[in-house]
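Those protein sequences? They're chains A and B, same order as listed.
Residue numbering for the first sequence follows my numbering, starting at 1 and increasing by one per position.
Residue numbering for the second sequence follows my numbering, starting at 1001 and increasing by one per position.
Keep in mind that the hints were calculated from the coordinates and are not lab data.
Here a beta-carbon is modelled for each residue, glycine too, at the ideal position from N, C-alpha and C.
Accuracy of the hints is not assured; some may be wrong.
[What the hints assert, rightly or not] With beta-carbon atoms standing in for the labels, derived distance ranges:
hint, chain 1, residue 1, chain 2, residue 2, range
1, A, 328, B, 1076, 38 to 46 Å
2, B, 1108, A, 208, 52 to 60 Å
3, A, 368, B, 1091, 53 to 61 Å
4, A, 211, B, 1039, 52 to 60 Å
5, A, 84, B, 1097, 50 to 58 Å
6, A, 14, B, 1056, 23 to 31 Å
7, A, 14, B, 1020, 21 to 29 Å
8, B, 1059, A, 298, 53 to 61 Å
9, A, 273, B, 1097, 46 to 54 Å
[What the hints assert, rightly or not] Over the 12 Å line for every Cβ pair with chain B, so calculated as not near, a few chain A residues:
hint, residue
10, 75
11, 145
12, 354
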Amino acid sequence: MADAERDPRPDPIEYDGPPDYRVVGRHGVYPETSHDEIARFNFLAQMNRHLSTKVMPGVAEAFDARIEPARKKAKKGAYKTRHEVRKDLVQDPMFQWWSAMRRATMETRQQAGRWVTIRQADALNGKVRTLTEGDPRLVLNADFKQPRSTDAIDHHCMPGSYHTELVPGDVTGPANYDAGIFATTGGMLGRYNDGGGVAVAQWVQKNLPDFQPKRILDLGAGLGHNVLPIAAAFPDAEVIAVDAGAPMLRYGLARAKTMGIENVTFIQGDVSDLKDMFEDESFDWVQSTMFLHETSYKTMPMIFAETQRLLKPGGIVLHVEQPQYSDDMPLFEQAMRDWDAFYNNEPFWTKMHEVDLDAWMETAGFDRETLIHGGVAAVVDPEVFPEAAEDTEQEDYGRKAAWHVIGARKEG
Amino acid sequence: MSTATLDPLKLAGSKAKGKRPWFLENPDTERVMNITLALMQEVAVIRERMDTVERLLDRDGVVTREAIETFEPSKEEADERGYWMQEYIARCLRILQQDREAIARGKEDSSEDVADEFAKVD
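Starting from the given sequences, assemble the full structure and let the hints guide the process.
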């Protein structure tokens, strides 16, 4: 082509990455964000995306090219556990640099979100107080003692975890969680961070078309982002969201109300023992979404037993989690999936993922024939957000917005 | 002076409960890396602000602080900005890209090796 005929415009770009932060859904108690605070979240979303798609694959390459061969050369025999793999990974510069940057990005994301919410703490806390004071759909327990599973360590490097109040009536923690998930996930959870909940609601409507729950319980609900789509899908149902963190519940009710969702009650409680709160066989549906990994070996069987006690005959329980480690999963992948357990303050993540969930459900009293298995991926507005189901480039071991479902239908 | 109940300057960067894992051979290197990444973030913030100012000037011929704060890029504009951010991060983290490529290439000759080879007359 002669120069004169050349198109003077630069080559068109094909952009495949996180959307601009400004597409987030701003409900009535969403923190205000300045231009530069938004730019910071944009950078962090892109950094996470870069680390998972451009840097992390180098860890697998280093493993194949030098880590595993070095072990063979040293005649140490094949790896027997994922922990052996991890102990070799931490010696390799590719893993070290990817990990150091990933941890730094997690911490920076917390700082960015905390800056946004703490600088407007009085306004945010006041707004939430006005929306929730005297509302019977918020039930807090001033004497509640945090379980060790939430108090021992701040989950995913979030200072104060889910329960700390910097001042009475504080909601800066949940507001930070809400405003920053976009950056952590690169927008994979959609406008209201509810892509998981939307997926669960759609999964139930598709797979159990006759199921018409009247009473729904969400365990470890946090600020309710995953239960609101369920409440919206079944507007005639009474929905109860239980969590250990008072700030989450307070913010959750205010958030739900400003989003026009009125059928959710937020109750503070320990989900491993709800006997004083709810009668036997009083729910049609018990749900947990990305919650089990934040419990413990001691409490998880108790939670499973509670779900069995609480379900009405014919009712369903569904737990949504990242896939379990199985013999089919390479030890390298298991070791990489353990990253969040050891390096992102998710201590139960590692043990939780080796549990034989079917057996545990059986021990809790569910018949093996009644067990439910499935898979869901975040449902988002594909015009604006990246779709986990379509995303073949990004695996991101444990962070991808695609999950397994394990559940049961109580006989009756 | 702020009359707010909480001080964001003090609290935004709080440490999460739980012993921090360190990854690099030398913790001081990791400290410097953390500071570098924070600066990298702040350069990205300044660049996005400049981009906003330029787009407002193109559009309105004038720019105000309020217009900056309320600026909403179109999908096309957002994609251009997102693409710039990808380019920027790739530029800053070039050395890690090259580490990956070095793994893929396997054993390579150094210039010193080749210099010796080329200096041989037989």
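Structure-based check of all given hints:
1. A:328 - B:1076: 38 to 46 Å: Given a distance of about 44 Å, which is inside 38 to 46 Å, the answer is holds.
2. B:1108 - A:208: 52 to 60 Å: The hint (52 to 60 Å, Cβ to Cβ) holds, given that residue 1108 of chain B and residue 208 of chain A are roughly 58 Å apart.
3. A:368 - B:1091: 53 to 61 Å: At roughly 55 Å between Cβ atoms, residue 1091 of chain B and residue 368 of chain A fall inside 53 to 61 Å, so the hint holds.
4. A:211 - B:1039: 52 to 60 Å: Hint holds: Cβ distance 53 Å, inside 52 to 60 Å.
5. A:84 - B:1097: 50 to 58 Å: violated (29 Å)
6. A:14 - B:1056: 23 to 31 Å: Taking Cβ atoms as reference, residue 14 of chain A and residue 1056 of chain B lie about 26 Å apart, which means the hint holds.
7. A:14 - B:1020: 21 to 29 Å: Distance hint for residue 14 of chain A, residue 1020 of chain B is violated at roughly 39 Å.
8. B:1059 - A:298: 53 to 61 Å: About 60 Å separates the Cβ atoms of residue 1059 of chain B and residue 298 of chain A, which means 53 to 61 Å holds.
9. A:273 - B:1097: 46 to 54 Å: holds (52 Å)
10. 75: holds (22 Å)
11. 145: holds (17 Å)
12. 354: holds (21 Å)
The earlier numbered hints that this structure contradicts are 5, 7.
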